[in-house]
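Peer 1: With the sequences and hints as input, model every part of the structure.
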Amino acid sequence: MSTTKQQPHQSTDDPRVTLDRDLGVFEPIPPYPTRTEREAEFYTLADGEMLINMGPQHPSTHGVLRVVLKLDGEKVVDLDPVLGYLHRGVEKLCENADYHQAICYTDPLEYVSALFNEWAPVMAFEKLLDVQVPRRAEYIRVLSGELNRIASHALFMGWMALDLGGLTPILWSFIERDEIVDMLAALTGQRMLFNYFRIGGVNGDLNHEFMSRLGDWMSRATEQIDNNMGLLNENEIFVRRMRGLGTIDTATALRMVMSGPNLRATGVPFDVRRAHPYSVYPELEFDIPTRSEGDCLARYLLRLDEVRQSIRIIDQCLHQMPDGPVMAKLPRLLRPRPGRAYAAVEGPRGQYATYAVSDGTDQPFRMRIHDPSFIHLQAVGVMMPGHLLADTMAIMASLDPIMGGVDK
Amino acid sequence: MTVISKSWNRLTLPGKVIFTALPLLGALTIGLVVAVVLLGGILVDLAAANLEVVRFLVAATAILLITVPTAFLIIYMEMKIIALMNLRLGPDRVGPAGSALSVVHGLKVLMKEDFTPTGADPLVFTWAPVVTYLASVMTLLVIPFAPGFFGQDINLGLLYFFAIGGLSVVGLLMAGWSSYNKYSLLGGLRSAAQVVSYEIPLTLSVVGLILLAGTMSLNQMVENQSGWFTSWYIFRQPLGALIFFIAAAAEANRTPFDLTEADSEIVAGFATEYSGMRFGFFFFAEYVNVFIVSALTVTLFFGGWNAPFPFPEITLALDPGSLGIGLLLLILIVPPLLTVIFAAPIWLVSNSIKGWQALLGGFVLANLFLMAVIGAVAFIGIEWVSGLLWFLGKTYAFVFLFVWMRGTLPRVRVDQLMDFAWKWLLPAALLNLFVTAVAIVVVS
Amino acid sequence: MDRAFKARLETRFGATLTGPVRQRHDETEMRIGAGDVVPVLTALHDEPDLHFEFLADLAGVDTGEVMQVVYHLWSETTPDWLRVIADGLSREDPRVPSATFLWKGAEWMEREAYDMFGIIFEGNRDLRRIYMPPDYASFPLRKDFFLPDDAARSPGGGVRPMERTQAPSNVPTTALVRRGGA
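Protein chains in written order, with the working numbering: chain A, 25 to 432; chain B, 3 to 446; chain C, -6 to 175.
A few of these clues could be false.
Stated by the list, open to error - Each pair of labels, with its calculated beta carbon distance range: (1) A:D240 x B:L241: 44 to 54 Å; (2) B:V440 x A:K99: 37 to 47 Å; (3) B:W358 x A:E258: 54 to 64 Å; (4) C:P127 x A:K99: 53 to 63 Å; (5) A:R336 x B:F311: 50 to 60 Å.
Said to hold, decoys possible - Straight-line Cα separation of at most 20 Å, SDA-like style, residue types lysine to any residue; simulated pairs: (6) C:K97 x A:E61; (7) B:K184 x B:T118; (8) C:K97 x A:K99; (9) B:K184 x A:N77; (10) C:K97 x A:Q402; (11) C:K(-1) x A:E65; (12) C:K97 x A:T274; (13) A:K99 x B:D417; (14) A:K353 x C:P126; (15) A:K116 x C:K(-1); (16) B:K425 x B:L244; (17) A:K99 x C:P126; (18) A:K99 x B:K184; (19) A:K116 x C:V164; (20) C:K97 x A:N77; (21) A:K99 x B:L244; (22) C:K97 x A:L95; (23) C:K97 x A:R62; (24) A:K99 x C:G57; (25) B:K184 x A:D102; (26) B:K184 x A:L69; (27) B:K184 x A:A70; (28) A:K99 x B:D421; (29) B:K184 x A:H300; (30) A:K116 x C:Y129; (31) A:K99 x B:L419; (32) B:K184 x A:L95; (33) A:K99 x B:Q418; (34) B:K82 x A:F198; (35) B:K184 x A:P83.
Stated by the list, open to error - Derived, one-sided and incomplete: chain C residues facing chain A with beta-carbon distance under 8 Å: (36) R1; (37) E22; (38) R24; (39) A27; (40) A49.
Hints are computed from structural coordinates only; laboratory data are not their basis. Ideal Cβ placement from N, Cα and C applies to all residues, glycine included.
Peer 2: Here it is as structure tokens:
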């Protein structure tokens, strides 16, 4: 007697499912009828221009980003970034979660510098709850944050070189990043999405493993970074490709609401750590590097300078670290009184902020995440016209966007 | 029966394959040998009647035997050396230290689906990789590998080389245009512009050399550089050599001039729509090109197959036949004797190595020793062996240099590339030519 | 907390404010009506003693009863963040003038607010969806959005238990009143 096998139910056989092939061929360019002025301006081609799609799958857009370029030969006339390929609905998810759970959702936004993604919401919730964070916890936050900043900038340098064609610097910068990330893994338990900051402090004190790795690293940090990253500084090809590229002047940068190293490279010394000090930054001594050219090379060199300042801050943190608890005493169930709070931190890419609205329940009513990469991608459209296709990648890399943050 | 089926089931898949294939292979070999012995006479007559076909087959075999292993070796070198420069390991699983990876890649490329994209022009699409590969491979005709080892000694060898090498741009344009893809079009046009611009400094840089050597024949040039290494043309045409090297790197689409395949910008450039063996052709053509420009640099400027210093002529009057029955005894006695001689120290030194393991080690060492002896005899006595080895050594040194450049340098932008060719290399090449001509007139 | 700043704001904008100026920790908050956005923002940006030339954030908020657009600004003249809440936008037809005439970088932030809430920013040259596909039929961050079915194409959606309708626990009941034809 033979038993017939149960036929597997194919989803393609289900009449209720509409397959893409029945919808017709998807024509991305030109889109659905143009509705806005800008779309009409962009998708009307003059003589000799062509639209090329640097699609979401591309070896060098920093994540899933789709850019429609209007080219005149090799020269880029205009560009239109299309976002949303990594949109995960984090803001809506946070509305349905606890205050503690909401912080876990924010980690993967700018995954390369995850601690800053946690820092801003944690600060906003602490303002809503009127919680005083112990000083030791603040110092640990600054210490781990600055380490994360160095790791993020090291990765930026690797990417920058990779987009210009050099295969080696990215692997060397991963060595840098690996050391720091291992250190932070010893501290937080995780290598990339740390989930370390809590409302009222941090999740665990410094331990021996972390301190020994940190001490070992600090003793050779400056020299190592200068060696590895200095590979590119004097390379003629590299410098010639980046100098004068993607220049943006101060007035335009301020109009485009840029922040962070991209704004400081145009000459404006605006750093949230000094402009609107938070945590224990008023007690730490550090400079704000600024450059005035506003081109890719300036942004690149500025981030190198910032790495040195970060090392200085870490040094001071280690010396000034007070004793005490690392977590404030808080009830398990957090119900802040209705109100609103805004908190901003200086992330490696710029001002990273959270606006939290509470309605008295144990879930945030609205959690708005303001991400710097999102703002800076608008600026690409302003910097690009006139440059060549090969420069698109270089300019986007120099602005250092992370698509997780852009798309939320 | 059950014993056989049980033991058959216990074999792994490779075991099953070997178990069935080996006897079949043995039978096939025996059958082939018998057929050749029986029909040998007829085959030879057939070949003599169709000499052209035989020559074609021999030439095709020779080309495959030269280009395919060369490409595999250069691909492996590139992967491994760039990996080591990147402080990572590179291929290390397939074969000893990953050396069989290229072969596996070659097989993989053969097994992929072969399609033509919708909208592409099928004829042009199919012929583009062929044209590119042809352009690379046809230049092998004139390169002197060793004294007596060359395709043809054309007295316009250098001119032939540049003329045929310029055909590759046709292949690239065909690929870029027929792919029906804007990325490919951009890549193809960029590459056409690049190759055409850099051909001019390339050819001009060697005109000075032609004036010095008095001939365009590559064989003649190599013979002119015999003797001590001070007679190599690099010392008399340093600027020309430098321009040639840079322009050759651009011709071969190597970093820093590899914008045609800049995979961080236009995916794979002109080859975006190619897959399978068609892409394999482009890939092969590129690496054979690397070999060829290195070979040409060595031929023109670094002495070709000459050693850096003149070896004394040693003719070994070896006549194995004169030994008579002694030859048979030699072949029977020497290998086992050597095996035992090499096995004895191994067995004596270590406690844990058993007798048969020591013999095995001894066997391997004996083989290596014999190979070394024969190699040394060939190197000293037979002229073309030493010439070939010197030539290959120097060529691969330059291939290593190309690979090193790829691992270190970023890419130039297309307008900077054209800038460099027309505003810097071309005047430099002209200057070189002028100075050489004046020097020749003054000296003579 | 900058008390003097609160006084300055009340003197300057007294008439247009629709609520008291509140201060908490290091933030000052003022509420205005949707029609007053242009004069207020221009005044904040241009006047030398206010000089709020950095727009830190532009967000939409759906309170369940009304919609709001919240601007956060920074200036060197005060250590506080300034929050300007353009309150009282109706949930059926939320319209507010665009801030792109002052800051071009507000364009995408307004696009996001449009995409997530449906707030129309008049004067924004490029008001189209930014995260959702261009033919999406709903506004995800609204409080009455909790079912993807009204926006997705798939006729088979909602079949599995996890896809069935269920309002989240913290949606205000006022938001759930079904409007005719929604």
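Peer 1: Looking back at the numbered hints, which does the structure fail to meet, lowest number first?
Peer 2: Hints 4, 8, 11, 14, 15, 17, 20, 21, 22, 24, 29, 36, 38 and 39 are the ones this structure does not satisfy, whereas the remaining hints hold.
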